[in-house]
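Take the sequence shown: its letters are residues 14 to 327, numbered as in this note's numbering.
Mixed in with the good hints, there may be bad ones.
Per label pair, the in silico range of CB-to-CB distance [stated by the list, open to error]:
(1) 32 x 313: 17 to 27 Å
(2) 169 x 216: 25 to 35 Å
(3) 295 x 68: 31 to 41 Å
(4) 234 x 295: 54 to 64 Å
In case anyone wonders, no lab produced these hints; they're calculated from the structure. For clarity, every value in this text was computed on a predicted model and none was experimentally measured. Just so it is clear, CB atoms sit at the ideal spot from N, CA and C, and this is done for glycine as well.
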Amino acid sequence: MRFPRRLLWGLAGIVVLVLACLVGPSMLSPVGDGDPVHAALLPPGTRVTVLDLSDGRTLVSPKVDLDNGEYLIHGRRRTTTVSAREVVSTHAARFWLGSDRFGRDVLPRLLRGGRISLAIAALGAAVALLVGLGVGLAAATGGRVVDAVLMRTVDALLAFPLLLLLILVSALFRPGPTLLVAVLGLTSWMGLARLVRGQVLSLRTRSFIQAARVAGTRELRIWSLHYLPNLKAPLAQDTTLRMGNLVLAEATLSFLGLGIPAGLPSWGAMIADGQRVMLDGWWLSLFPGLAITTLVISLALIGDGLQQTGKAST
14 MRFPRRLLWG LAGIVVLVLA CLVGPSMLSP VGDGDPVHAA LLPPGTRVTV
64 LDLSDGRTLV SPKVDLDNGE YLIHGRRRTT TVSAREVVST HAARFWLGSD
114 RFGRDVLPRL LRGGRISLAI AALGAAVALL VGLGVGLAAA TGGRVVDAVL
164 MRTVDALLAF PLLLLLILVS ALFRPGPTLL VAVLGLTSWM GLARLVRGQV
214 LSLRTRSFIQ AARVAGTREL RIWSLHYLPN LKAPLAQDTT LRMGNLVLAE
264 ATLSFLGLGI PAGLPSWGAM IADGQRVMLD GWWLSLFPGL AITTLVISLA
314 LIGDGLQQTG KAST
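Turn these sequences into a full structure, and let the hints guide you.
Here it is in structure tokens:
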């Protein structure tokens, strides 16, 4: 079977992002926890010297001079003098994507933030899938009363603005990764529930389902042989596209300060941090924004490719 090119491009984008976020930070040269005095807001590609001191500190600067047994470490507003005897080791490094206002390397923070953003979006999509699948199946098989109650509930929740609901719930509770996964998952299952219900009601009238029942096939076997295989394709398409929406939702909440706590990097939080120094550090918001754009487009290509594959197989 020949797969659509857009599906392959989308999968390639996801694989590259995931691999970069998983193994990228361990392959980079260590530059300490940040040096806000000497290494703040350095542009992309800046080469720096890293000095590890005997007292445990790490100093980072693009310009370091050695004069009469003393290191002169130059910063934007200040020069620090350190005795050569206090320096345990030195090595060169490069800020490929620049540094932030605290002197931290943007690239490893971007990759570590990608782990968090990807994990939250994937887990949120999984929660939405489980809840939506359960509610949709209950509505399709529970009778008219159950169907009416569940679908009216779904309609009411869909009528409420999703972003406002996310902000409301996040503001009421202490922000954190676990809460964010729960909030994203429990506010985005409604469309999945309607999709599952519609698919099951449509499949119920198909001739192969009715023939299986007439032949005396057990209901559980009918579900495993006919319902679930026919639900996989539309659920995969919807979940892929929904994950892209959750990436944007997580970034929005983190940008507003209602998502990931300040100590943990995420793409939305990095964009918000870069907004404060946009004129002096344009790269702080640019690279997380490009990462989010690449991820969302890749997920959209996968969803579109899966839809095209499903049409070709029918």
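Structure-based check of each hint:
Our hint of 17 to 27 Å for residue 32 and residue 313 holds, since their Cβ atoms are close to 20 Å apart. The hint said 25 to 35 Å for the Cβ distance between residue 169 and residue 216, and at roughly 27 Å that hint holds. The beta-carbon spacing between residue 295 and residue 68, approximately 35 Å, falls within the hinted interval of 31 to 41 Å. Judged by the Cβ atoms, the range 54 to 64 Å given for residue 234 and residue 295 holds: they are separated by roughly 60 Å.
When held up to the earlier numbered hints, the structure conflicts with none and fits them all.
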